[in-house]
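Participant: The residues making up each chain are set out below.
Number of protein chains: 2
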Amino acid sequence: MALEERIVATYEFRSSDRSAARRLARRIAVEQTVEMPLSAVRREIRASVVGQLEHLEPLGAGRWRATISYPPELARGELASLLNLLFGNLSLMGGLRLVECHLPPVLMSQFSGPRFGIEGVRRMSGVSVRPLIASAIKPVGLDSLQLAELAYRFARAGVDIVKDDHGLYDQPYAPFAERVARCADAVAKANAETGGRALYFPHVGASHERLEERLTQARAQGCQGVLLAPLLVGPDRFWGLASRGEIAILAHPSFSGAYLERTHGIAPELLLGKFFRLIGADGVIFANVGGRFPVTQATCDAIVRNLTAHWAHLRAAFPVAGGGVDARKVDCWIERYGKDLILLISSSLYARRDLERAARELVERVRRYE
Amino acid sequence: MALEERIVATYEFRSSDRSAARRLARRIAVEQTVEMPLSAVRREIRASVVGQLEHLEPLGAGRWRATISYPPELARGELASLLNLLFGNLSLMGGLRLVECHLPPVLMSQFSGPRFGIEGVRRMSGVSVRPLIASAIKPVGLDSLQLAELAYRFARAGVDIVKDDHGLYDQPYAPFAERVARCADAVAKANAETGGRALYFPHVGASHERLEERLTQARAQGCQGVLLAPLLVGPDRFWGLASRGEIAILAHPSFSGAYLERTHGIAPELLLGKFFRLIGADGVIFANVGGRFPVTQATCDAIVRNLTAHWAHLRAAFPVAGGGVDARKVDCWIERYGKDLILLISSSLYARRDLERAARELVERVRRYE
Chain C
1 MALEERIVAT YEFRSSDRSA ARRLARRIAV EQTVEMPLSA VRREIRASVV
51 GQLEHLEPLG AGRWRATISY PPELARGELA SLLNLLFGNL SLMGGLRLVE
101 CHLPPVLMSQ FSGPRFGIEG VRRMSGVSVR PLIASAIKPV GLDSLQLAEL
151 AYRFARAGVD IVKDDHGLYD QPYAPFAERV ARCADAVAKA NAETGGRALY
201 FPHVGASHER LEERLTQARA QGCQGVLLAP LLVGPDRFWG LASRGEIAIL
251 AHPSFSGAYL ERTHGIAPEL LLGKFFRLIG ADGVIFANVG GRFPVTQATC
301 DAIVRNLTAH WAHLRAAFPV AGGGVDARKV DCWIERYGKD LILLISSSLY
351 ARRDLERAAR ELVERVRRYE
Chain R
1001 MALEERIVAT YEFRSSDRSA ARRLARRIAV EQTVEMPLSA VRREIRASVV
1051 GQLEHLEPLG AGRWRATISY PPELARGELA SLLNLLFGNL SLMGGLRLVE
1101 CHLPPVLMSQ FSGPRFGIEG VRRMSGVSVR PLIASAIKPV GLDSLQLAEL
1151 AYRFARAGVD IVKDDHGLYD QPYAPFAERV ARCADAVAKA NAETGGRALY
1201 FPHVGASHER LEERLTQARA QGCQGVLLAP LLVGPDRFWG LASRGEIAIL
1251 AHPSFSGAYL ERTHGIAPEL LLGKFFRLIG ADGVIFANVG GRFPVTQATC
1301 DAIVRNLTAH WAHLRAAFPV AGGGVDARKV DCWIERYGKD LILLISSSLY
1351 ARRDLERAAR ELVERVRRYE
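Line by line, the protein sequences are chains C and R.
Quick note on my numbering: the first sequence kicks off at 1 and runs consecutively.
Quick note on my numbering: the second sequence kicks off at 1001 and runs consecutively.
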């Protein structure tokens, strides 16, 4: 079978020399497939099912990169089995990083990817060229009226997407149904006053069947998009909801960071840039350089690239730069990442005395890229 | 509010001195709650919602332990919001380890924990005192008849729980419905011949609504338990299925390992030992010392302790020692972990020429602990 027809995973790890690196790579290929001593595996299964070491190369400084291929039959039809195959038990081994993954056409065809993507979200907001601005209403602890007032002010100022903070669930301070109704009304009122088309995306994270209820409530309030964290609701659940194509979904990286460590886990450009897009995120929030989280410019660049690059039949997903982006530095990010970008800016607006004015200045700055 | 009435989380991290450690601890308390500059947060929210640093102590060698408390309102009714509160954005920070967590009665009352637990699984298998033996049928690649033949041999030998390998999904080699029917029949046949009560636990991991279908199929075949990986189906989904109490669930640690790194993540004894029990795992598979995964004895001891210790109204969950346990060394593990233990042993049996005989010797060894 040609390599393009197989699942191809690239791992990086530390090793003393080539023969030890080869042993570890072969161990990965066995652990992730038959998971038992090869001597006890029938010859035909050894040939057709066990992962194959395709390539091994030194990266210098004692690090190695191994490319291993698996038969697509192992993961057909199931996202969970794909994640299990690529990094299930390996997650327990330590010192291993999954850095790249190729999926063959037979698997790709099972994923429809973003149902709206950059184009769809642009259509909703009526913004065809320039980057979009998103701001979060917060903090948790405010009541629904206070949050709606913030939503109103952001929308008045011209912010394109007003979203719930990802820490807003169904807390007694501002219960979900009440909050969503009030905020959707507030944004509609602002739009009526300004002639704008600001969108309100509530956070629908919830337990069990309540997640469906919240989606229904959000749609009933006219929301065209929502916020959801794949690692908190489960990547599979996220995929299921996104593939129905009823509502746009911004993916939040909460709880995903444990996979993103430098020496073990899954490269952020793969997890956020490819897997989140594969399971249908229309936009993916990532912690940008210079904010509150320790990330590198190369990682952010690679996330943006993977979200927007041509990839089979998948629509491009919006890169959403957040995690402490300074409103005064947006030009730098637009130049770097391009105009197909959502700037998620909240804290640096809240830090200003006049929130609406701060938001308006940001809007004016970004509208120059029309 | 008394500390026992609040959510109390303990984090460990590296810091140069006490004042830097205090700054980092306060940053955690803000990031996980209001997630914005404190100067822009109303006084009443600062007092009632922002996390509070309760305790800070040096651990030596530049490491510090901080105890932070949160109001229970932030996570009431939602598992996802609890995980988000404890480690959501922190997962993105690096160098932070969540090592302990206290949940107040108002939150604990929302979790029923294991619906069967040690006692329930013992009742199913008719084994009241000694440890249980579980073995996995594998490798993936065998057809349903071949897997059923293995299930038959394990059951004939007296293995208590015959389980699917966690890599078995719905692959074309042995499609789920066919495999489960054949294996359930094979185990029933062996039981009829031996007078035994071996159980067959299939792996029901699947995407979207197919997970429900597979549960239904498993129950229709008379299965009293199943295997499922919380991090692959989503902890929330796992909790939802477990809390219905229809079928016992063994939790598999696949894909959880990224959280378990030594300097960043969630301590294994907390994730596997407490959270998996909280969301209803009746048994929790962990990689034991001396097997294929790098774990410490102290970690395994702590996992076993947390699964079985008194904890509010939650039933004890079975520790399931796996990940390469050698059949010849079971006495050592029974002495160490006690009799409330499932020994998950497969590879070291497959490595022997006569599988049924190897399993029978293991069974005889363990039955001495009756």
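Hints in this document: simulated from the structure, not taken from any laboratory.
Please note that a few of the clues may not be correct.
[Claimed, not checked] FRET-style restraints, in silico, Cβ to Cβ:
no., chain 1, residue 1, chain 2, residue 2, range
1, C, R63, R, R1022, 48 to 58 angstroms
2, C, E57, R, E1178, 25 to 35 angstroms
3, R, E1044, C, R352, 36 to 46 angstroms
4, C, R365, R, G1095, 28 to 38 angstroms
5, C, E212, R, D1143, 50 to 60 angstroms
6, C, R14, R, A1061, 18 to 28 angstroms
7, R, L1038, C, R22, 52 to 62 angstroms
8, R, G1077, C, R43, 51 to 61 angstroms
9, C, E212, R, C1332, 14 to 24 angstroms
10, C, S16, R, D1143, 23 to 33 angstroms
11, R, E1044, C, P175, 17 to 27 angstroms
[Said to hold, decoys possible] To give a feel for the contact side, a few chain R residues facing chain C, derived at Cβ under 10 angstroms:
no., residue
12, G1088
13, Y1173
14, N1191
[Claimed, not checked] Below, a sample of chain C positions facing chain R; criterion: calculated Cβ distance under 8 angstroms:
no., residue
15, A2
16, L3
17, L83
18, N84
19, G94
20, K138
21, P172
22, Y173
23, P175
24, V233
25, D236
26, G265
27, T296
28, T299
29, S346
Note that beta-carbon positions come from the ideal geometry of N, C-alpha and C, so glycine has one too.
Participant: The structure should be examined with respect to each hint, and the outcome stated for every one.
Facilitator: Hints versus structure:
For R63 of chain C and R1022 of chain R, the Cβ-Cβ distance of about 36 angstroms falls outside the hinted range of 48 to 58 angstroms, so the restraint is violated. In this structure, E57 of chain C and E1178 of chain R break the distance hint of 25 to 35 angstroms, their C-beta atoms being roughly 42 angstroms apart. Checked against the hint of 36 to 46 angstroms, the C-beta distance between E1044 of chain R and R352 of chain C comes to roughly 21 angstroms, which is inconsistent with it. Between R365 of chain C and G1095 of chain R the C-beta distance comes to about 35 angstroms, which sits within the given range of 28 to 38 angstroms.
For the pair E212 of chain C and D1143 of chain R, the beta carbons lie near 38 angstroms from each other, so the given range of 50 to 60 angstroms is not met. At roughly 23 angstroms, the beta carbons of R14 of chain C and A1061 of chain R sit within the given window of 18 to 28 angstroms. Remark: the range hint 52 to 62 angstroms for L1038 of chain R to R22 of chain C is upheld by a beta-carbon distance near 53 angstroms. For the pair G1077 of chain R and R43 of chain C, the beta carbons lie near 54 angstroms from each other, so the given range of 51 to 61 angstroms is met.
About 49 angstroms separates the C-beta atoms of E212 of chain C and C1332 of chain R, a value inconsistent with the hinted range of 14 to 24 angstroms. Here the CB-CB span from S16 of chain C to D1143 of chain R is close to 41 angstroms, at odds with the stated 23 to 33 angstroms. At about 19 angstroms, the beta-carbon gap between E1044 of chain R and P175 of chain C stays in the expected band of 17 to 27 angstroms. Among the interface hints, the one on G1088 of chain R holds; its C-beta lies about 4 angstroms from the nearest C-beta in chain C, closer than the 10 angstroms criterion.
For Y1173 of chain R, the shortest C-beta to C-beta distance to chain C is roughly 7 angstroms, which falls under 10 angstroms, so the interface hint holds. For N1191 of chain R, the interface hint is violated, since its Cβ never comes within 10 angstroms of a Cβ in chain C; the closest pair sits about 25 angstroms apart. Taking 8 angstroms as the C-beta contact cut-off toward chain R, the hint placing A2 of chain C at the interface is violated, the least distance being around 19 angstroms. Look at L3 of chain C: its Cβ only gets to about 20 angstroms from chain R, farther than 8 angstroms, so that hint breaks.
Annotation: L83 of chain C was flagged as interfacial toward chain R, and the flag holds, the nearest CB pair being 6 angstroms apart, inside 8 angstroms. At a threshold of 8 angstroms, the smallest CB-CB gap from N84 of chain C to chain R is about 5 angstroms, leaving the interface hint in force. Proximity of G94 of chain C to chain R holds as hinted, the smallest CB-CB distance being about 5 angstroms (cut-off 8 angstroms). Given hint, K138 of chain C at the interface with chain R, holds; its Cβ is 6 angstroms from that chain's nearest Cβ, closer than 8 angstroms.
Because the closest C-beta pair between P172 of chain C and chain R is about 5 angstroms apart, less than 8 angstroms, the hint holds. The restraint placing Y173 of chain C at the interface with chain R holds, with a minimum CB-CB distance near 7 angstroms, inside the 8 angstroms limit. At about 10 angstroms, the closest approach between the beta carbon of P175 of chain C and any beta carbon in chain R exceeds 8 angstroms, and the interface hint on this residue is violated. For V233 of chain C, the shortest C-beta to C-beta distance to chain R is roughly 6 angstroms, which falls under 8 angstroms, so the interface hint holds.
Nearest Cβ of chain R to the Cβ of D236 of chain C: about 5 angstroms, under the 8 angstroms cut. The hint holds. Interface restraint check for G265 of chain C: the shortest CB-CB distance to chain R comes to about 5 angstroms, inside 8 angstroms, so the restraint holds. Taking 8 angstroms as the C-beta cut-off, the interface hint given for T296 of chain C is violated, the closest approach to chain R being about 12 angstroms. With 8 angstroms as the threshold, the beta carbon of T299 of chain C stays out of range of chain R, its nearest partner Cβ sitting at about 12 angstroms, so the hint is violated.
Here the hint on S346 of chain C is kept, as its CB sits about 7 angstroms from the closest CB of chain R, short of 8 angstroms.
Checked against the numbered hints given earlier, this structure breaks hints 1, 2, 3, 5, 9, 10, 14, 15, 16, 23, 27, 28; the rest are met.
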